[in-house]
Amino acid sequence: MAWDKTGAVRYLQANARLSSQSRCAEYTRRAIEAGGLRITHTA
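Note that our numbering has the sequence shown beginning at 928, numbered continuously upward.
If you're looking for bench data, these hints aren't it; they were derived computationally from the structure.
Don't be surprised by glycine CBs; every beta carbon is placed ideally from N, CA and C.
The reader is advised that the hints may include incorrect statements.
Said to hold, decoys possible - Between beta-carbon pairs, the in silico distance windows are:
1) S949 <-> A929: 27 to 37 Å
2) I966 <-> R937: 12 to 22 Å
3) L945 <-> A970: 26 to 36 Å
4) A970 <-> Q940: 27 to 37 Å
5) L945 <-> T969: 25 to 35 Å
6) L964 <-> A941: 10 to 20 Å
7) T933 <-> A970: 27 to 37 Å
8) L964 <-> Q940: 17 to 27 Å
9) D931 <-> E953: 15 to 25 Å
10) K932 <-> A952: 12 to 22 Å
11) T933 <-> I966: 12 to 22 Å
12) A970 <-> R950: 15 to 25 Å
Using the sequences provided together with the hints, build the complete structure.
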């Protein structure tokens, strides 16, 4: 499966906040997944 970087960027732009929410990893994962890739959680 190809990654849709445009979809990932669109997700980020649509969900951007004015200030940090201190949840960078979560929002990065969501953007990557919006682009079509699934990321598995590791412990």
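Hint-by-hint comparison with the structure:
no. : hint                      : in the structure
1   : S949 <-> A929: 27 to 37 Å : holds (32 Å)
2   : I966 <-> R937: 12 to 22 Å : holds (18 Å)
3   : L945 <-> A970: 26 to 36 Å : holds (33 Å)
4   : A970 <-> Q940: 27 to 37 Å : holds (32 Å)
5   : L945 <-> T969: 25 to 35 Å : holds (32 Å)
6   : L964 <-> A941: 10 to 20 Å : holds (18 Å)
7   : T933 <-> A970: 27 to 37 Å : holds (32 Å)
8   : L964 <-> Q940: 17 to 27 Å : holds (18 Å)
9   : D931 <-> E953: 15 to 25 Å : holds (20 Å)
10  : K932 <-> A952: 12 to 22 Å : holds (18 Å)
11  : T933 <-> I966: 12 to 22 Å : holds (18 Å)
12  : A970 <-> R950: 15 to 25 Å : holds (19 Å)
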